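From first to last, the protein sequence lines are chains A and L.
Our numbering puts the first residue of the first sequence at 1, with every later residue one more than the last.
Our numbering puts the first residue of the second sequence at 1, with every later residue one more than the last.
These aren't lab readings, by the way, just hints derived from the structure by calculation.
Do not take every clue at face value.
To be verified - In silico BS3-like pairs for lysine-lysine, Cα to Cα no more than 30 Å straight-line:
{"#": "1", "chain 1": "L", "residue 1": "LYS23", "chain 2": "A", "residue 2": "LYS42"}
{"#": "2", "chain 1": "A", "residue 1": "LYS102", "chain 2": "A", "residue 2": "LYS91"}
{"#": "3", "chain 1": "A", "residue 1": "LYS34", "chain 2": "L", "residue 2": "LYS150"}
{"#": "4", "chain 1": "A", "residue 1": "LYS34", "chain 2": "A", "residue 2": "LYS66"}
{"#": "5", "chain 1": "L", "residue 1": "LYS138", "chain 2": "A", "residue 2": "LYS34"}
{"#": "6", "chain 1": "L", "residue 1": "LYS138", "chain 2": "A", "residue 2": "LYS42"}
{"#": "7", "chain 1": "L", "residue 1": "LYS138", "chain 2": "L", "residue 2": "LYS23"}
{"#": "8", "chain 1": "A", "residue 1": "LYS253", "chain 2": "A", "residue 2": "LYS237"}
{"#": "9", "chain 1": "A", "residue 1": "LYS185", "chain 2": "A", "residue 2": "LYS66"}
{"#": "10", "chain 1": "L", "residue 1": "LYS138", "chain 2": "L", "residue 2": "LYS24"}
{"#": "11", "chain 1": "A", "residue 1": "LYS95", "chain 2": "A", "residue 2": "LYS112"}
{"#": "12", "chain 1": "A", "residue 1": "LYS84", "chain 2": "A", "residue 2": "LYS34"}
None of the values given here were measured: they were computed from a predicted structure.
What follows is the residue order along each chain.
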Amino acid sequence: MSKNDLMLILFIGTSSLFLFIGFLVIFTIIHKRKRYEHLLEKQSMENNYANQLLLSRLEVQEQSFKYFSEEIHDNIGQLLSIVKMQLYNIKSSSKEPEVITKATDCNELLGKAINDLRNISHTLNSGFISNAGLADAIEKDLEYIRSAKEVKCNLYINGDEYSIGSEKELLVFRIVQETIANAIKHARPTAIDVALNYAPLGISVIIQDNGTGFDTSEKTNSGIGLNNMHVRTEMLKGKIDVTSVKDKGTTIKLDIVNTTENVLV
Amino acid sequence: MIYFYIYLFTLLVSSMSGLLYLKKVDISTKLAVALVCLTFVVEFSALQLYRKNIFPSLGGNTAPLYHIYTCIYIILISIYYSYQLNLKNKNVNIFLVIFWIIFCSTNVYFQPLLSQSTHTILLQRIIITFLSPYLIYKIFLNENIIHVLKYSHFCLLIGLLIIGVGGLFHWAFFDDLVKHHSKYRSLLINSQTIINTIGYGLIGISFQLNNKRLAK
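Please construct the entire structure, taking both the sequences and the accompanying hints into account.
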C-alpha cells in the first residue's frame, strides 16, 4: 500500500462513515417529524370527532327539552287548566262555605302549579329563549327558582342589551341554567346573583352563589355538568373561569367575544 | 495547540454540565458523565505530562496513561450500551468488567505500556460504530419518541458515533500513519481533536436534555 493510498482510504472511509451518520440522523429526524405531523392530524381528527359527538349530544338534549316543553305546555298544562275550570265550576255551583273555601284554595294552588309549569316549559323551549332574548329567559328561570322561596335570586344587567344571535344566546342560557342547577343541587346557597354585562366587544356573565363551594383542583369535581359547561363554552369560542372558596361560595365567569362566527363550525 | 485547548474547554464544560445534574440524570447518562469526566482528567494530565516532559526516557510519555484510560473507557462504554440494550442483568456488567480488564492486561503483552494501546482504542471505536447506529435505529422504531432532537440519548449516541467513526480508520492505521506519514501528523491530530470536540460537545448537550426530560 503506497503512502497516498493509506491517506485516501483514511479520507474516503471516514467521509463515507460520516455520510452514513448524516443520512441516519436526517432520515430519523424526517421520519419522526412526519410521525409527529401524523399524530397532530390524528389528534385533530379525534378532537373534531369528539366535538361532533358532543354537538350531536347537545342537539339531542335540546330536542328532548323541546319535547318535554311541548308535552308540559300542551298536555299537562291543558289538563291542569281543565281541572282548574272544573274546580271553578264546583266553586260556583256549591252553596256550602267549606267546599267553596277548599275549592278556592285548590284553585290558587293549581294556578301556581300551572304558572310554574309554564315557566319550566318556557325555559326548556329553545324557541321561547330565542324570542324572549337572553336576559328575559334568565329572568324567567330565576323567577321560577324564586317561587320556591328558598333561594334569593337577582339578575343585574349592565350596558345596553343586544342580541348575540339566537344560537349563542341559547348556549349561554343553558350554561347559566346548568350553573344555577348545580349550585342549588350541590352547594345549598341562600342567594344567587347573576350579572349580565354587555360591552361593545362581547358579553360576560357572572354567576355568584354563597353556597358551600368546592375544590376546583379535584378531579372528582369535573362532572358531567361542568364538562357540559366547558363544551358549550368551547362551542361559543368563549372563556369560562370557575373560582370557588370552601364555605364562601362559587363564582363562574363566562366571557364571549362578539363575533359573527357561527358556533362550533 | 489551539484546537486542543478548545477540546479541553469543551470537555470541561461537558463534565461540569454532567456533574451539575448528576443526581437528576438516569443511570446510563451517569456512566456517560463519568466517561467525559475521565476523558477531561486524562487529557488534562496528558497535557501536563507533555508540557513538563515528565518521564522523558519513556519516549511517548503519555502512553501508559492512555493504557489505563482506554481500559476504563471501554468498560464504561460497554456498560453504557448494556444499559441501553436493556441487559438489566448484573452478571453481564460484572462479566464485561472482568473481560475487559483481562483483555487490556493481555494486550500489554502485545502493545507494551510505552506504545499506544491502539488495539483497545480500535475495539472501542468498533463497538461504538456498530452499536450506536443500532440504538439509533431502535429510537427510530420507538413510536413513543417523537421529538428526537430533544431526546437526550439520541444526542448522546450521535456524539459517541461522531467520536467513534471519526477515529475508526485513524486508529486502524495508526502505526502506519506514525511511521510513514509524519508530514500529515499535525493534520491528523487536529482533525481528531476537532472531531472529538464536536462529539463531546454533543454529549454535554445530551446531559442538559436528560436533566430537562427527567425534570418533566
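Consistency of the hints with the structure:
1. Restraint check for LYS23/L and LYS42/A: the C-alpha separation of about 38 Å exceeds 30 Å, so the hint is violated.
2. Using a Cα cut-off of 30 Å, the hinted pair LYS102/A and LYS91/A holds, with the two alpha carbons roughly 9 Å apart.
3. As the CA atoms of LYS34/A and LYS150/L are separated by approximately 16 Å, the hinted pair is consistent with the 30 Å bound.
4. Distance hint between LYS34/A and LYS66/A is unfulfilled; the C-alpha atoms sit about 47 Å from each other, more than 30 Å.
5. Taking the CA atoms of LYS138/L and LYS34/A, the gap is about 17 Å. The hint holds against a cut of 30 Å.
6. With a C-alpha separation of about 24 Å, the suggested pairing of LYS138/L with LYS42/A holds against the 30 Å cut-off.
7. A C-alpha spacing of about 26 Å is found between LYS138/L and LYS23/L, which places the hinted pair at or below 30 Å, so the restraint holds.
8. Note on LYS253/A and LYS237/A: the hinted pairing holds, with a Cα-Cα distance of about 14 Å set against a maximum of 30 Å.
9. Taking the CA atoms of LYS185/A and LYS66/A, the gap is near 23 Å; set against the 30 Å cutoff, the hint holds.
10. A distance of roughly 24 Å separates the Cα atoms of LYS138/L and LYS24/L; the hinted pair therefore holds under the 30 Å criterion.
11. Between LYS95/A and LYS112/A, the direct Cα distance comes to roughly 25 Å. Compliance with the 30 Å bound is thereby established for this hinted pair.
12. Restraint check for LYS84/A and LYS34/A: not satisfied, since their Cα atoms lie roughly 72 Å apart, outside the 30 Å limit.
Figure legend: structure checked against the earlier numbered hints; hints not met, in rising order: 1, 4, 12.
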